[in-house]
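Visitor: First to last, the protein sequences are chains F and A.
The opening residue of the first sequence carries number 13 in our numbering; numbering runs sequentially from there.
The opening residue of the second sequence carries number 13 in our numbering; numbering runs sequentially from there.
What the hints contain is simulated information worked out from the structure, not anything from laboratory work.
Any given hint might turn out to be false.
Lysine-lysine pairs mimicking DSS-like chemistry, simulated, CA-CA at most 30 Å apart [stated by the list, open to error]: (1) F:163 with A:163; (2) A:216 with A:189; (3) A:189 with F:318; (4) F:216 with A:113; (5) A:318 with F:189; (6) A:189 with F:216; (7) A:113 with F:189; (8) A:163 with A:216; (9) A:318 with F:216; (10) F:163 with F:113; (11) F:189 with F:216.
Protein chains: 2
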Amino acid sequence: MRNKMDSVGALLLTTQEDISYFSGLESQFWHSPTRPVFLVLPSNGAPIAVVPEILAESMCLTSWIQPESLRTWPAPVPEDDGVSLLQSALAEALARSTTGKRVGLPMSIESQLRMPVADLDTIRSNGVELVDAVPLIRTLRSVKSPAEQEKLRFACSRTSDAYESLPFLLELASLDKRGEKGTGPQGFLTERDVAREMRIELLKCGLDQAPYVIARSGAGGYPSVVDGPTDRALNAGDVLVVDTGSTYDGYWSDFDRNFYVTEQDGDQSIPAPIALAHEQLWQATEAGISAARPGATMADLHAVLKVSLRDAGVDASDLDKIMGCGRWGHGLGIHLTEWPSLVSDEHTVLTPGMVITIEPSLPLPGNRTLVHEEDILITEDGADVLSRRAPQEMARVRLPQ
Amino acid sequence: MRNKMDSVGALLLTTQEDISYFSGLESQFWHSPTRPVFLVLPSNGAPIAVVPEILAESMCLTSWIQPESLRTWPAPVPEDDGVSLLQSALAEALARSTTGKRVGLPMSIESQLRMPVADLDTIRSNGVELVDAVPLIRTLRSVKSPAEQEKLRFACSRTSDAYESLPFLLELASLDKRGEKGTGPQGFLTERDVAREMRIELLKCGLDQAPYVIARSGAGGYPSVVDGPTDRALNAGDVLVVDTGSTYDGYWSDFDRNFYVTEQDGDQSIPAPIALAHEQLWQATEAGISAARPGATMADLHAVLKVSLRDAGVDASDLDKIMGCGRWGHGLGIHLTEWPSLVSDEHTVLTPGMVITIEPSLPLPGNRTLVHEEDILITEDGADVLSRRAPQEMARVRLPQ
Chain F
13 MRNKMDSVGA LLLTTQEDIS YFSGLESQFW HSPTRPVFLV LPSNGAPIAV VPEILAESMC
73 LTSWIQPESL RTWPAPVPED DGVSLLQSAL AEALARSTTG KRVGLPMSIE SQLRMPVADL
133 DTIRSNGVEL VDAVPLIRTL RSVKSPAEQE KLRFACSRTS DAYESLPFLL ELASLDKRGE
193 KGTGPQGFLT ERDVAREMRI ELLKCGLDQA PYVIARSGAG GYPSVVDGPT DRALNAGDVL
253 VVDTGSTYDG YWSDFDRNFY VTEQDGDQSI PAPIALAHEQ LWQATEAGIS AARPGATMAD
313 LHAVLKVSLR DAGVDASDLD KIMGCGRWGH GLGIHLTEWP SLVSDEHTVL TPGMVITIEP
373 SLPLPGNRTL VHEEDILITE DGADVLSRRA PQEMARVRLP Q
Chain A
13 MRNKMDSVGA LLLTTQEDIS YFSGLESQFW HSPTRPVFLV LPSNGAPIAV VPEILAESMC
73 LTSWIQPESL RTWPAPVPED DGVSLLQSAL AEALARSTTG KRVGLPMSIE SQLRMPVADL
133 DTIRSNGVEL VDAVPLIRTL RSVKSPAEQE KLRFACSRTS DAYESLPFLL ELASLDKRGE
193 KGTGPQGFLT ERDVAREMRI ELLKCGLDQA PYVIARSGAG GYPSVVDGPT DRALNAGDVL
253 VVDTGSTYDG YWSDFDRNFY VTEQDGDQSI PAPIALAHEQ LWQATEAGIS AARPGATMAD
313 LHAVLKVSLR DAGVDASDLD KIMGCGRWGH GLGIHLTEWP SLVSDEHTVL TPGMVITIEP
373 SLPLPGNRTL VHEEDILITE DGADVLSRRA PQEMARVRLP Q
């Protein structure tokens, strides 16, 4: 890889995250797929931004790229939607290069292309030779600067606030819905209602956006932690999981919380198998946090989680059935999920400034699951938990009677 | 184009919108860039979904794709992240084909690729010949079914509700902030506050998500309608624009509203140049709505807007300086902005079921602008305005004194 990157004279970036990371551009306009945006990072000299005219003001307002390095065109132009301009910018960058004449583009695992394939084909057919820039960029991005760490800390802290208010808000919402519907304590608050309440609370708590809010429920566990919310109504005896990826200034929190649903004046005790699984996951996470330090690898953490679960009595066969293929965490930053994965064959070494999630899960009878998650920052001598640690015993959502 | 598509034996789709449109898959997991998702649509026989194991439950829950047409792999697998499986699915689809052996992929304008370029290269180097599927898919998607129309109508109606509440909510928020800060009627409510209030209200009004909420302000107009919100505080005499793209069941509303900021007991009159520009835009939109009917082209609508503005006294030179290159609207549906563009050289003919925005803008002195926008459905005999028509005179936001 090193040899290949040594021959690179410029990087070409097309996605929101890569362009924001290297230019500072802050924009919601990425939601419009009409226009591509390009950033060219020469190995020598100033970056060149090739952007639609309509984004010029946003570039000037939020990016550190100098106006003289801004190239604009009146997109959309079907016959040449920035391609000629991009080719000139690449040529300009490569002409300055003292390293090589190839162009680095994120092309491999976990990468996407936010420009038409046909336009990339044109550039390649005109002689631009591409090299995969994923290894370089993911390594750079995995270590967070102090400013990035503070944004992540804020996002996680405010997300914790929202989780702490949630049971109370759900009880209120349930009362309101009972009023609407006439009678009956249960069956009125749906997973969709839960997600809506959580999303509103996240914004009130200071997050800029709450793009990812999962709510899923069921007796004896939930079927998955990545789908929903559905129209399923909560009932006493359910386990409810809420998982969110919410952003502050472009940086994501990503952790879940489990709740046990009861009747307000009913039995508050959690069934033993659920309480046990939650305790096993909580303790495994605790072990993972303790083991997370510079020098340890993601594979080491994975082994620590597995040993903790096994020592706590989880069946080896259950450990082989883990949802999500035993991916028990991942990097966190300007994406909801970033490299590296917390899996058994990922030997990336943790270094200070990396932010990762620890997310062990267990299968439960009836194709159900329980998932627990925290976000941590690797420090000089260990790990700092950015999310406020989940209560060791599941919080209750008490439906009014 | 027709000839090329006749030779196609299957479509390959990789993006959230294309896959959701053709399979029904509903998921928030697209926010995680770690794993690609593939949908293969054979010209003959059932679609094949090639998805990460972790998404299998979501596919079963929300998609009409049959379980026997589901292929899963334990993503992420760096050495082969679904590529072999995808190649088998394509081979299976092409073997069934009675039309041709090429694969349609959206490759041209307004398209993106949600899979690694290197993996697409592998598939091409193994003999798969690609043809651009953009013209086919954008035409299909541009005409909305009755069910799609109802979702868009709901999204627009509830977005209108939020806009109507906004001035009152901003006055309340301003009172609250005055309380926090001690004294003074102005300078405390920032564009960020406005966007947050609007985002929360949109969720309360029944939208599922409010991904795109712009707030921008200034005396004599605002600098752009696509950037912000910033930390700029509102002051009496400002024009405030709020623009949102908010979704209900995956379908977007997209329209803005302009507000004039005053002191509660101060002068409520809008300066003549601003009032005039707003009236010109409101009337141009009215003319556009009247002219929108089956048989008219987007270019026809563009001409109608231009004539209306010119007849209302706008300088020809001002009409040439329009922000966004005179793109005065666009298709609307499962993307915030869809084909076709409302521009002078877009000769696509309107047909019943198309949903578009009409979005004329005017330049104002000092590099300022004013933009007005509505969402309409083309019906058998004209147009149905899905957004609740903006008041002809700008609403006021009255800051407490």
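Visitor: Please go over all the hints and tell whether each is borne out by the structure.
Guide: Against the structure, the hints:
1. F:163 with A:163: violated, 36 Å
2. A:216 with A:189: holds, 21 Å
3. A:189 with F:318: Violated, because 50 Å separates the two Cα atoms, which is more than 30 Å.
4. F:216 with A:113: Given that 30 Å is the threshold and the Cα spacing comes to 54 Å, the pair is violated.
5. A:318 with F:189: Between residue 318 (chain A) and residue 189 (chain F) the Cα gap is close to 50 Å, so the pair fails against 30 Å, i.e. violated.
6. A:189 with F:216: holds, 14 Å
7. A:113 with F:189: violated, 55 Å
8. A:163 with A:216: holds, 17 Å
9. A:318 with F:216: Not satisfied, since the Cα-Cα distance of roughly 42 Å exceeds 30 Å.
10. F:163 with F:113: violated, 37 Å
11. F:189 with F:216: holds, 21 Å
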